[in-house]
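> As given, the protein sequences belong to chains R and G, one line each in that order.
If you read the first sequence in the numbering used here, its first letter stands for residue 1, the second for the next number, and so on.
If you read the second sequence in the numbering used here, its first letter stands for residue 1001, the second for the next number, and so on.
Calculated from the structure, these hints are not laboratory results.
Treat the hints loosely; a few may be bogus.
[What the hints assert, rightly or not] In silico DSS-like links for lysine-lysine, alpha-carbon gap of 27 Å or less:
| # | chain 1 | residue 1 | chain 2 | residue 2 |
| --- | --- | --- | --- | --- |
| 1 | G | K1057 | G | K1068 |
| 2 | R | K77 | G | K1236 |
| 3 | G | K1383 | G | K1268 |
| 4 | G | K1097 | R | K40 |
| 5 | G | K1368 | R | K58 |
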Amino acid sequence: MKRNVKLKTKNSKLSEDKVRHVAKLAKLELGANEIEKFQKQLSEILDYIEMLKEVETKDVEITSQVTGLENVFREDKVEKSLSQEEALSGAKNKHQGRFKIKAIFK
Amino acid sequence: MELNQLTIKEAQEGLREKRFSSVELTKACLCQIEKFNSKINAFITVCEKKALQQAMKADWKMENGKWKMEKLPLLGIPLAIKDNFCTKGIKTTAASKVLEDYVPVYNATVVQRLIDAGAIIIGKTNLDAWAHGSSGENSDFGPTKNPWNLKFVPGGSSSGSAAAVSAQMCLGATGTDTGGSVRLPASFCNLVGLKPTYGRVSRYGVVAMASSLDAIGHLTKDVTDSAIILNITSGKDINDATTSKRDVPEHLENLKKGIKGLKIGLPKEYFVEGMDKRIVERLKEVFKTLERLGAEILEISLPHTNDALAVYYIVQPSEVSSNLARYDGIRYGFPRNKFGDEARRRIMLGTFTLSTGYYEAYYLQAMKVRTLIKKDFEKAFAKVDVIIAPVSPTLPFRLGEKIDDPLEMYLSDILTVTANLAGIPGLAVPAGFIDSSTGSLPVGIQILGQQFSEELLFQVGYTYEQETKWYQQRPKL
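Using the sequences plus the hints, can you model the full thing?
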């Protein structure tokens, strides 16, 4: 099914700088040749989503969840959890029973 | 009939009457997997040794009378698990290279419940990586093929689960449905696919995609089997705070009640522009059949249907960007440079729509329109008992047809996302086959109901299924 949405040919919604910025926020490394590809694809999707701006939503409440549940708690008791060994079982870099990560401070 | 071609119910009866053993049943499934999985690529991991061990244990329990049907309803039944469900000691990849070597140290709640009911885990099925997709082509481990025609997609994201059940490699399989990912592949593969009410089934231990939309469902050969599985998977879970305290009904009880006097809604907005005319014709025939069986068909309106896809493609990527932030390669898995294109696309889209300066225009607006969509359904269900609609605007499409156009692929979800946004259940059932120059391809319908109305969906689905018996057909492999 070819999309019948008439896309307004606006200026690209996302500049290359914006794409780089978003990638940085999301901790994703994009290759030089990838920025243009994603810019085009993301802009097309954002153009499609623009249609929502036309919908009248004055005085409409938001829906962030559909269950209606609130304040679902359990007893504040310590319960069985993973052992240290289990917790470390997937890590590629460990040291003395701890996760090893890149230095934050030099 | 080969043992792997049985339904769950038939297998339960056969095992109880000692007509065959669980080992024989499991071997039949494993044999089918060995014969056809290289062509179809339904499984990422096959648990041959473990499955046979479990089967032997099951047979021993049955021999020694150490079981009660009510306590172990799935004893000896081989099922497949979509590879975004954590399985203790069994590699779980979400079909992504980021988790290529990840072995969970715990079972998802649903997996544990199925195991506690006696089920045998025969393997982990392929999917679009991170459940991002509608065709099965986004897997980092190769696309899955539709057993009805290997040049066509099985639908996604529960592509492997659908292919596995449809190709008679197992008796049922779990799936997840965030925007249609159980209902669409079920519909493309002539299967029954349930998306339960949000909060009916625990999401604990399932790789999170969009936490306010994810529903934990399953694919089976017929409606009875679907109800059998829901009986086991549903119910409050202390590990998932969004699960409902509501009692779990006996989902098989009303199956044979029929549909006399039931009001079925026909939503006019679901017959979208550009929809395949043959699907429109088929829906008309479905409605005629339902009328013959005693139901009353009423045209209804769900006015915000047209906006639903845009709402979904803001809310879902936003939640995805948050959920996939945990994959940093530190505690498990590989670093973020192993994410595929679709994952990166969605993460970036979500990061953008949640970022400063754009949150109000996109995410906030989407959350408001989501309320309007939910209200559309509430108004409709005041007039009708269930709603019946097509699942997809197209028949199963060819591998490669939409992969280069992400937006084109997203449009496959146009009729399924509304149920996830509103949190209501949907049951996809087979509605026959449509002939074309390339052969016959399956088409399905979906039955939508109010929250926690799964019993009614099964009732309607069972009535239609028994009248038409589409589910009895099997692909020629």
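> Next step is simple, just say for each hint if it's right about the structure.
Here is what the structure says about each hint:
| no. | hint | result |
| --- | --- | --- |
| 1 | G:K1057 <-> G:K1068 | holds (15 Å) |
| 2 | R:K77 <-> G:K1236 | holds (19 Å) |
| 3 | G:K1383 <-> G:K1268 | holds (15 Å) |
| 4 | G:K1097 <-> R:K40 | holds (25 Å) |
| 5 | G:K1368 <-> R:K58 | holds (9 Å) |
In this structure, every one of the numbered hints holds.
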